[in-house]
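S.K.: Given next are the chains, with one letter for each unit.
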Amino acid sequence: MVPISYYVILSGVLFGLGVIGFVFKRNIITIFMSIELMLNAVNLAFVAFSREFNQLDGLVFVFFVIVVAAAEAAVGLAIAMVIARNRKSLNVEDVDLLKF
Amino acid sequence: MSVAMLVFIACGLFAVLGAVGLILAREPVHSALSLVLVMVALAVLYLLLGAAFIAAIQILVYAGAVMVLFIFVIMLLNAGVEVRTNLSHLARWVGLPLAILFLAEMTYSLFHEYAARTALAAGGAVAGPVPASTEELSMKLFTEYVLPFELTSILILIAILGALVLAKKESA
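From first to last, the protein sequence lines stand for chains A and B. Just so you know, we're using this note's numbering here: the first sequence kicks off at 1 and counts up by one. Just so you know, we're using this note's numbering here: the second sequence kicks off at 101 and counts up by one.
Derived from the structure by calculation, the hints contain no laboratory data. These figures come from a predicted structure and were not determined experimentally. Heads up, a few of these hints could be off.
[Said to hold, decoys possible] Chain A stretches covered by chain B per the calculated footprint, using a threshold of three residues with CB under 8 Å from any CB of chain B:
1. 17-26
2. 29-40
3. 56-67
4. 75-84
5. 93-100
Glycine included, each C-beta is placed from N, C-alpha and C at the ideal position.
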């Protein structure tokens, strides 16, 4: 049996990579993908802890996280489409109307 | 080394490689395919943890629906090679060290805490927890969590409407 700490560390590493992608990427679609990666990392931690403490509530939370992620992807990609249509670019640095 | 450990190492390696590929790829389609690799590897890990239902919806919803949506939008918008920019001075000298510090602190505290815990737990013979059955999970979902469950349907309805309104042509 694999110790839970291994799962949590894998989850932490994936979350960190997601943060790095979120900060460094300039394409709005890959930024969304980094957010999905972070959500997946959190899900892994939820499932691992759920197994460790024999509580099913963690799995229910994972279910809700997946639902919210699907809704977020639908709305987010629609926003990306609108930005691409108005700005003719997917680079987030071209969207600077609210930038100080 | 047990079979479970080997499967964990293989899937963990694939997940991390996929995540690194997501960051390093310059074509958005390559990033998306790397993310699919991460999701499939995570689904195998969920199976290893005994969460069969979560593994199934991970493949169906994430690797299936969400990633198809991503690839569809990438192709619709004809997203090409992305331009890279250099880090700003603030990001290079403040953000990067802080990010590394945070990751190191998190890893250290997790190792420290859980190494102590597992050493403690190994003393008293811990019976392996039973795998979570889909039956129990659905019982919980439809009794204790029935209100949030119904609310998610409203959330999805709003998301559909929002996506439709946003993507609509403004010619009218």
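S.K.: Look at each hint and say if it fits the structure.
M.R.: Now the hints, each set against the structure:
no.	hint	in the structure
1	17-26	holds (count 9)
2	29-40	holds (count 8)
3	56-67	holds (count 9)
4	75-84	holds (count 8)
5	93-100	violated (count 1)
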